[in-house]
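J.: Sequence:
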Amino acid sequence: MDHQEFESILEAYPVRLENFEGPLDLLLHLIRRHELSIYDIPIHTVTKQYLEYIELMQELNLDVAGEFLVMAATLIHIKSRMLLPRIDPTQEDPEEDPREALVRRLLEHQKFKAAAELLHERETLRSAQWMRPDGPIAEIAGEAPEPEVEVDLFSLISAFRSVVERSKLRPKLYLPSEQIPIEDRIEQLMARLSETEACGFEELFADIESRAGMIVTFLAMLEMIRLKLVRVFQAGVVGPIRIYKRARPADAPKPLGDPEQRHAEEVARALAASRESGDETGEPGT
Numbered sequence: 013m014d015h016q017e018f019e020s021i022l023e024a025y026p027v028r029l030e031n032f033e034g035p036l037d038l039l040l041h042l043i044r045r046h047e048l049s050i051y052d053i054p055i056h057t058v059t060k061q062y063l064e065y066i067e068l069m070q071e072l073n074l075d076v077a078g079e080f081l082v083m084a085a086t087l088i089h090i091k092s093r094m095l096l097p098r099i100d101p102t103q104e105d106p107e108e109d110p111r112e113a114l115v116r117r118l119l120e121h122q123k124f125k126a127a128a129e130l131l132h133e134r135e136t137l138r139s140a141q142w143m144r145p146d147g148p149i150a151e152i153a154g155e156a157p158e159p160e161v162e163v164d165l166f167s168l169i170s171a172f173r174s175v176v177e178r179s180k181l182r183p184k185l186y187l188p189s190e191q192i193p194i195e196d197r198i199e200q201l202m203a204r205l206s207e208t209e210a211c212g213f214e215e216l217f218a219d220i221e222s223r224a225g226m227i228v229t230f231l232a233m234l235e236m237i238r239l240k241l242v243r244v245f246q247a248g249v250v251g252p253i254r255i256y257k258r259a260r261p262a263d264a265p266k267p268l269g270d271p272e273q274r275h276a277e278e279v280a281r282a283l284a285a286s287r288e289s290g291d292e293t294g295e296p297g298t
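Per the working numbering, the very first residue in the sequence shown carries number 13; after that it's consecutive.
Because the hints were derived from the structure by calculation, they are not lab data.
Careful: at least some of the hints might be erroneous.
Claimed, not checked - Restricting the straight-line Cα-Cα distance to at most 25 Å, the calculated cross-link-like pairs of lysine-lysine (PhoX-like) are:
#1 K257 - K240
#2 K60 - K91
#3 K180 - K60
#4 K240 - K266
#5 K125 - K240
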């Protein structure tokens, strides 16, 4: 594919306002996370990071649509063009910096996202950008902490990558392979949140050793977010992430075998078993 074809693909890439977590959002996430300038993108670093995210998303069995792959091909093409030596190094390159078309798309995407947020209804906007109240914390600490903002998918993937990388540094334990169904893992996480109401992102993986178990845990958390069982917040761009149990709204999806109903049934069974045990011993169950 020649230079013109790649540029035309990039220029024709559609900005889909209903999709706030597409290829351009991933690029913006990488730029913000590494505190890069959108006007001077280090294409080698960004391309490497982008491909690593694509690989991890595929391993997580997330829907890596064709647009992500087109953007990956575009980044690789731009990188290869920038590696080519100039015919005459003493003269300025008359061609456009291959990154400029990408910068235009990123700026346009930011502009349309900002406009879309202004046009959204107030409740929709609160749902997308909800911030946790910090009044009680400020009263105790004497100063207001950095506000926690609801996390996007790519920030969660970044946190998951960090958990996986740190797990490689732990001593190897040869244990039977963990085969945990996502439904069972959701029940385990809900039981933990019922005790604490909130926990740190890394705490979700504290009882998991294998990479397969980590992936199941991450997918279970994504499903809990989709079903509006939890909300996930982060302080700052690279601050700690915490998962909070939430009061489930009426419009939350209610699939068959709904985790909230399943959890309630598990709690009821445990309570009944505890009472029966107390009856048999003549003492109240614990």
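J.: Hint by hint, note whether the structure agrees.
T.: Tested hints:
1. K257 - K240: Holds: K257 and K240 sit about 9 Å apart, inside 25 Å.
2. K60 - K91: Holds. K60 to K91 sits at ~10 Å (cutoff 25 Å).
3. K180 - K60: The given pair, whose Cα atoms are some 20 Å apart, holds under the 25 Å limit.
4. K240 - K266: Satisfied, since the Cα-Cα distance of roughly 10 Å is no more than 25 Å.
5. K125 - K240: Judged against 25 Å, a Cα distance of about 23 Å means the pair holds.
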